[in-house]
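Asker: Residue-level listing of the chains:
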Amino acid sequence: MSTSSSLADALIVVETAGTFAFALSGLIEAARKRLDAVGVCFVAGLTAFGGGTVRDVLLDRRPFFWVAHAGWLWALLVVCALVMLVLRARHLPPTERAMQAPDAFGLGLFAASGTQIALDASMPSIVAVLMGTVTAAFGGVLRDVVCNEIPRVFNDHRPYAVCAFAGGWVVVVAHVLGWPPPLGLVAGATLAVVLRFLSLIFDWKLPAWRQQ
Amino acid sequence: MSTSSSLADALIVVETAGTFAFALSGLIEAARKRLDAVGVCFVAGLTAFGGGTVRDVLLDRRPFFWVAHAGWLWALLVVCALVMLVLRARHLPPTERAMQAPDAFGLGLFAASGTQIALDASMPSIVAVLMGTVTAAFGGVLRDVVCNEIPRVFNDHRPYAVCAFAGGWVVVVAHVLGWPPPLGLVAGATLAVVLRFLSLIFDWKLPAWRQQ
Amino acid sequence: MSTSSSLADALIVVETAGTFAFALSGLIEAARKRLDAVGVCFVAGLTAFGGGTVRDVLLDRRPFFWVAHAGWLWALLVVCALVMLVLRARHLPPTERAMQAPDAFGLGLFAASGTQIALDASMPSIVAVLMGTVTAAFGGVLRDVVCNEIPRVFNDHRPYAVCAFAGGWVVVVAHVLGWPPPLGLVAGATLAVVLRFLSLIFDWKLPAWRQQ
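Residue numbers (the numbering used here), protein chains in the order written: chain V, 1 to 212; chain P, 1 to 212; chain G, 1 to 212.
Source of the hints: derived by calculation from the structure; they are not laboratory data.
Nothing false has been slipped in among the hints.
Mimicking DMTMM-like on lysine to aspartate or glutamate, the simulated pairs with C-alpha atoms at most 25 Å apart in a straight line are: (1) Lys33(P) to Asp156(G); (2) Lys33(V) to Glu96(P); (3) Lys33(P) to Glu149(V); (4) Lys33(V) to Asp156(P); (5) Lys33(G) to Glu149(P); (6) Lys33(G) to Asp203(V); (7) Lys33(V) to Glu149(G); (8) Lys33(G) to Asp156(V); (9) Lys33(G) to Glu149(V); (10) Lys205(V) to Glu149(V).
Computed footprint of chain P on chain G; a stretch qualifies when at least three of its residues, placed anywhere within it, have a C-beta under 8 Å from a C-beta of chain P: (11) 50 to 60; (12) 142 to 150; (13) 160 to 168.
We put the CB at the ideal spot given by N, CA and C, even for glycine.
Work the whole structure out from these sequences, hints included.
Answerer: Shown next as structure tokens:
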């Protein structure tokens, strides 16, 4: 069996951390759009579970993360309620900047776990990396689509999906070289997160279609 | 077998009524957006069958309602054509208000049937209620997303998904107490519909993120 | 077996041509919206593979076209890079007009192949034709939704989905009459493409909801 139990444990830790990070980013975006309490919970949930659910539908993989671990749905509701209360009480403005750190962690964690899961399902390398990128990016795409914006990943001209893409290839290479899977998982996630933070700090730009 | 044949009959009646109610609401929204004839049929179909189809994809349940009962696709086309002709002839304006009654019935009916179907698939309670809410709300979400608006369920600050959520819990409690399923189904749907109408009549508001 | 090997070959040729045509149309739309390089590739891929993937999820059909033929993902990346370089170098503006020819071919090819695939999965006629129409139209719907526009197929008042619908019925009739499937496939695709070009040339209009 290619999915050893230590890998399964590592995947659960990584998915949980990524889910929490994305839930936070969805919550902040929903707050910025002044959605109501239901909208905040829905958008947080869609951002947190959307990418992984699309991946699992594409891979025909059941049960979903949030069905197998239904406790996380309760946790999500509690976190949403708490964060709303805290932010309202403290008058902290929900800014775009506040989203970036949780979003970067979610990106890296899901890129690595999505690629690993697709590899375990015997997908070709390019498909596995794409699945990792989709897992990482689609939560955010769904969040932006329901908030009626062009998904940031498509037009903010900063590397985002590209970081996930790079992290995914690390997982594939580690798989091909026969490294223990948890190691490849950590290496891929770390690279993606570091690349994303570097691109934010140094303001790297993607080549764009002629702007003029 | 937990799905007795009387339950199966009750589910078909409920799904049919909910489908018809949502088709009407999609039709009116499409008319308000001045879509063409194809757009009206597509948006009516997406609103009517979208929530149930998303639920069935998530539960990996086949065949879909509209595949098993393909006659309803024909019925939908005929209803769309008739309603367009009538409304054009009578110069009835398609208003937001006209959408609310069919939408409320669709909401309650799908919330109850979605929860029951997920319970029959042995889902945990919170997942079953969530499936009911998704079934009830996602037709409208897809309708608003393709019409390029922020889904009303997320930001109109009136209880909508919350009514479906409450109705879903009634179905779960009836299931736990061992009531005959059609009874739980009717009780859950009724509660959701009544709550929705009350919230419209008395103009209840959800707590929102700080508006200021 | 209803899917003879010559039919399987014909389907691969048709799907490949349709994928390429839709990728081009997505690419041009992404360029018009001034998305970045990642956005261009993603939107081109979503337009190219989106309709077929939605169809395969609805029919519970695996592996997807782009998993079974992973080479096409590489081809898509290369084509996107080349087209971006050429258009930037030549200062060709990406216009809506430039999208129409590839889009019309993709429409016809996917309508025919989607209908044939659904017939092979023993779907009722109306469902098969609908699947063909969804395959043909949904790539464009997803493209327009992520680009934050009302899908053109719903409100440009020119026959689009209707052409796919007509082409799908040709495939169904050919199937019922017992024609060799590749012949029905070619006849259906040709009718849809020809209807679409005629509607563009003669500026046919769909009946609309009362404009006044």
